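Please take these sequences and the hints and turn them into a complete structure.
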Amino acid sequence: MSEVLLSVDQVTMQFGGVTALDNVSLHINKGEILGLIGPNGAGKTTCFNVITGVYAPTSGTVTFDDKSLLGLKRFQITKRGIARTFQNIRLFPDMSAVENVMVGVDAHSKTSVVGAILGIPRSRREETESRERAHELLKFIGIDEYAEVAARNLPYGHQRRLEIARALGTNPKLLCLDEPAAGFNPAEKQELNELILKIRDQGYTVLLIEHDMNVVMKISDRIAVLDFGRKIAEGLPHEIRDNPDVIAAYLGVPDDAA
Amino acid sequence: MSHWLIYRTFWDLTVSGIVLGLIYALVALGYTMVYGVLRLINFAHSEIFMVGTFGVLISLTKVFGISLFDDGQYPYRSGFVLVAILVCSIIAAMVVSGAGAIVLERTAYRPLRGAGDAYGAVVLAFLTGLIASFLFSDHIMTNLAIAAVITGPVSFGYVRIFRRGRQAPRLAFLISAIGSSMAMAEAVATWGPEQRSVYTTPRVLEKKVLFNFLGADVRIDYVIVAIGAILMMTSLLLFVNRTRLGRGIRAVAQDAETARILGVNVNSVILVTFLLGGAMAGGAAMMFTLVYDQTRFNIGFLLGVKSFTAAVLGGIGNIKGALLGGIVLGLAENYGSSIFGGQWKDVIAFVVLLTVLMFRPTGILGESLGKARV
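Residue numbers (our numbering), protein chains in the order written: chain B, 13 to 270; chain F, 32 to 405.
Derived by calculation from the structure, the hints in this document are not laboratory data. Please note that a few of the clues may not be correct.
Restraint ranges, calculated between C-beta atoms of paired labels, are given here [unchecked claim]:
| id | chain 1 | residue 1 | chain 2 | residue 2 | range |
| --- | --- | --- | --- | --- | --- |
| 1 | F | Pro392 | B | Gly29 | 57 to 63 angstroms |
| 2 | B | Val66 | F | Ile89 | 26 to 32 angstroms |
| 3 | B | Lys210 | F | Val118 | 52 to 58 angstroms |
| 4 | B | Gly29 | F | Ile171 | 54 to 60 angstroms |
| 5 | B | Glu148 | F | Leu262 | 32 to 38 angstroms |
| 6 | B | Asn35 | F | Leu388 | 52 to 58 angstroms |
| 7 | B | Gly29 | F | Gly188 | 30 to 36 angstroms |
| 8 | B | Ile101 | F | Leu333 | 41 to 47 angstroms |
| 9 | B | Phe240 | F | Val126 | 58 to 64 angstroms |
Here are some chain F residues the structure puts well away from chain B; computed CB gaps all over 10 angstroms [said to hold, decoys possible]:
| id | residue |
| --- | --- |
| 10 | Arg70 |
| 11 | Leu166 |
| 12 | Ala282 |
The structure presented is a predicted model; accordingly, all values stated were derived computationally and were not measured. Cβ coordinates follow ideal geometry from the N, Cα and C atoms, glycine included.
Laid out in structure tokens, this is it:
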């Protein structure tokens with residue numbers, strides 16, 4: 013098997029008396045797309061939040077690149093190489109598209125506060141580099157012609173893409189997408205599939221949370237299924253499709269899986 | 032009442048109103064930027080301004096050795112020396128105010144956000160020791176010695192408390208702001224040589240009339256204030272719009288949580304915001320002493336309230352709003368006091384505020400630091 017990038021070991025997450033995650037273990041290999049699915053309230057987003065450092069788990073460990081992520085601040089987790097997008101779009105509405113991406117790119121800037129205020133040459137150079145990198149990402153994602161448009165004025169689909177570009181700006185090893193296809197029509201979903209595959213082919217590892225089975229089944233290399241906070245299955249897409257537990261828990265009617 | 036006065040002195044009032052307004056605007060920037068990133072009204076900002084005026088006073092009298100009340104004998108022999116004195120005193124004021132703002136954020140606000148660190152703990156511990164020392168002695172050196180001894184163990188305790196990382200309720204920030212404001216003003220009143228009376232700052236230049244503008248005398252100090260204020264505001268806008276840290280400030284102002292997830296170090300963005308706001312207040316402090324030749328322990332209070340009014344008037348959180356609000360307020364005060372008499376000056380300022388807020392609750396230009404654009 014290939015190298016493990018992120019592993020979640022026996023993570024339990026409790027909120028008061030509610031157990032949102034119950035002894036969940038899963039891992040993501042370098043360079044793969046892992047789909048994380050499950051019915052509403054299964055703990056997908058909680059799992060996501062544990063990985064991205066929003067919650068500290070009640071017990072268990074999260075290891076990324078052979079180092080524990082527990083106890084790190086959120087911006088430190090970003091610097092380690094985990095980026096995410098949001099289920100409900102959270103761009104900086106009054107900044108232009110390119111500036112939104114630059115905020116992400118800036119995470120790796122090395123100029124000190126004093127240097128930036130005095131405008132030392134390195135800070136100027138980094139500024140230019142960061143703008144160029146942002147434009148590159150916008151081109152990659154396919155919306156560079158909207159670079160100077162305020163994020164709030166972009167069409168919905170472009171806003172979703174811009175969020176992905178901004179996340180890629182932080183130069184992540186692992187890109188976590190939280191329901192990227194929400195609100196998309198079939199044609200847009202098709203484009204998104206292509207985009208995610210293209211991102212994977214660039215060498216990024218992708219964790220994908222998605223309701224839409226078409227998207228998940230088509231592009232995931234492996235799939236993990238959560239239900240009531242427990243992992244009930246993990247495997248290749250066709251294995252998941254035929255897994256009776258999954259069908260019972262999540263799909264309800266077998267035909268839907270197609 | 033002298034209703035006719037406004038007709039004869041209209042342009043005079045306009046010129047001095049704009050100068051006053053620019054000073055309000057510079058101080059208002061500090062309120063508005065801190066509000067933008069923290070959603071907090073930093074009531075201690077007026078004392079950051081006050082500290083700046085003392086920075087000017089000390090740098091002029093102690094560093095340059097310019098003596099007080101030296102009428103007719105201006106301390107420069109060439110324009111070059113004068114410019115050097117002006118530049119050095121504004122830098123001194125900006126450094127003192129900027130440093131004051133940073134200490135304020137580290138000790139009074141950051142621990143409340145649940146992100147207190149060792150620096151804040153040490154300063155707080157020293158202050159705690161200083162206050163405790165007055166139980167035993169009234170001699171300043173003894174007090175400092177006791178405070179220094181206490182600092183070590185107490186700061187250790189503070190660090191332990193800070194580590195819990197508890198976030199304080201919103202009102203705690205406000206109390207902390209008002210408390211540190213009073214503490215700073217009273218500290219200056221208690222330990223300053225003139226205590227509660229007025230300090231006269233030395234005049235560094237003869238206030239010659241440079242030219243006439245529609246019959247109004249434009250003095251050299253007015254010109255210096257106008258140029259200085261516009262330079263400072265332009266560079267602030269450029270900084271906020273064109274640099275990485277400025278982008279960080281706007282990102283935090285629009286959505287702090289998302290900014291944090293994208294790798295923005297929110298605490299250092301907040302620190303930079305306080306530093307910039309403090310530096311602007313310092314610049315305002317130098318210009319204030321240049322025009323009015325005086326300072327006092329509570330000089331910041333009314334000016335701070337007016338500047339805050341200016342920030343709200345223009346739209347709090349909005350950098351250009353601070354400029355507009357400041358100038359509108361300065362003009363309204365000047366025109367109003369010539370129509371109704373000087374004692375109505377402050378009443379007029381707040382009536383203008385209330386009137387504008389009735390029709391535009393978010394201020395003339397509306398809220399938003401994020402929207403700030405050149």
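Here is how each hint holds up against the structure:
{"no.": "1", "hint": "Pro392/F to Gly29/B: 57 to 63 angstroms", "in the structure": "violated (43 angstroms)"}
{"no.": "2", "hint": "Val66/B to Ile89/F: 26 to 32 angstroms", "in the structure": "violated (48 angstroms)"}
{"no.": "3", "hint": "Lys210/B to Val118/F: 52 to 58 angstroms", "in the structure": "holds (55 angstroms)"}
{"no.": "4", "hint": "Gly29/B to Ile171/F: 54 to 60 angstroms", "in the structure": "holds (57 angstroms)"}
{"no.": "5", "hint": "Glu148/B to Leu262/F: 32 to 38 angstroms", "in the structure": "holds (36 angstroms)"}
{"no.": "6", "hint": "Asn35/B to Leu388/F: 52 to 58 angstroms", "in the structure": "holds (56 angstroms)"}
{"no.": "7", "hint": "Gly29/B to Gly188/F: 30 to 36 angstroms", "in the structure": "holds (35 angstroms)"}
{"no.": "8", "hint": "Ile101/B to Leu333/F: 41 to 47 angstroms", "in the structure": "holds (45 angstroms)"}
{"no.": "9", "hint": "Phe240/B to Val126/F: 58 to 64 angstroms", "in the structure": "holds (60 angstroms)"}
{"no.": "10", "hint": "Arg70", "in the structure": "holds (16 angstroms)"}
{"no.": "11", "hint": "Leu166", "in the structure": "holds (39 angstroms)"}
{"no.": "12", "hint": "Ala282", "in the structure": "violated (5 angstroms)"}
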